[in-house]
Amino acid sequence: MEYVSDLREILREQRKQAKLTRDQVGSAVGLSGASIASFEQGRMIPQPDTARLLDELFKTGDEIQRAAQESRDDARPTWLRPWTEHEQRATMLRCFEHSLIPGLLQTEAYTRVLLQSGRLPDDVIDRTVQVRRERQAVTIDRPKPPMLSAVLCEVALTYGPADVMKEQLGHLIEAGRQPQVQILIVPRVAGLHPGLTGAFMLATLPARGRAVYLDDQLRGRSITEGADVDELERSWETIQGLALPVSLSRDLIMKAVNDHD
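With my numbering applied, the sequence shown has no gaps in its numbers, which climb one by one up to 263 at the end.
Since the hints were made in silico from the structure, they are not lab data. Treat the numbers as computed from the prediction; the structure is a model and nothing was measured. Some hints could be false.
Under the rule of at most 30 angstroms between Cα atoms (straight-line distance), these lysine-lysine pairs were calculated in the DSSO-like manner [said to hold, decoys possible]: (1) Lys61 with Lys18; (2) Lys61 with Lys21; (3) Lys146 with Lys168; (4) Lys61 with Lys168.
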């Protein structure tokens, strides 16, 4: 990928000209030498603040910041870009997952284990993890985040290594304490329901705009057509109606944490 090559070549060349080791560069910007190595090898992309500090260190204006932004843009699959733009504009997000933790609420360890199950190369996993982390940063972790309502089937609390799931479920509990986040669990006893046909996310946009994201084995797609959005909103209402209240959902998550001991 050309964008990775450009960024890592800039970083390697600037460090070489400055006659600094990776550890020295890392120390200057508050990171480890291993992180600098990851940038230079194209496995990770500097966050905006880090890219700015690197520009200041090497006196390169905004060259590294621009290269890092281009890298982030290019690291997102083409089919994902329209949806991430909706996420960043959304005033409310409603997501449903039947067997996985929603991406916006995943820990890094959980994401890595999930991606490793698909036998992806390490560099692809590293970049995908970073893209997901950045989606979280500009969506639910931004200064004025959207309301996020996440509905999960109970089985989603059980898939994964015990140590990874304990951390992940603890993260869900903490996330649910935030006033703008609601996490609901559909118990197994709910039986068959429309959500079992596939995960989806609904975005409420400014000026009453709406969009839906559907995922599958190969790629996701965004939908903005009124009739399709209406149908998925009806499915959402049905699924949400089967979920336990917030407090009982939290109790079920806490029980799942203990079950992973």
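Against the structure, the hints:
1. Among the hinted pairs, lysine 61 with lysine 18 is consistent with the structure: their alpha-carbon atoms are about 14 angstroms apart, no more than 30 angstroms.
2. A hinted pair counts as satisfied when its Cα atoms are at most 30 angstroms apart, and lysine 61 with lysine 21 qualifies at roughly 14 angstroms.
3. Between the alpha carbons of lysine 146 and lysine 168 the distance comes to roughly 29 angstroms, so the proposed pair stays at or under 30 angstroms and holds.
4. With a C-alpha separation of about 44 angstroms, the suggested pairing of lysine 61 with lysine 168 is violated against the 30 angstroms cut-off.
Hint compliance for this structure: hint 4 is the single one not met.
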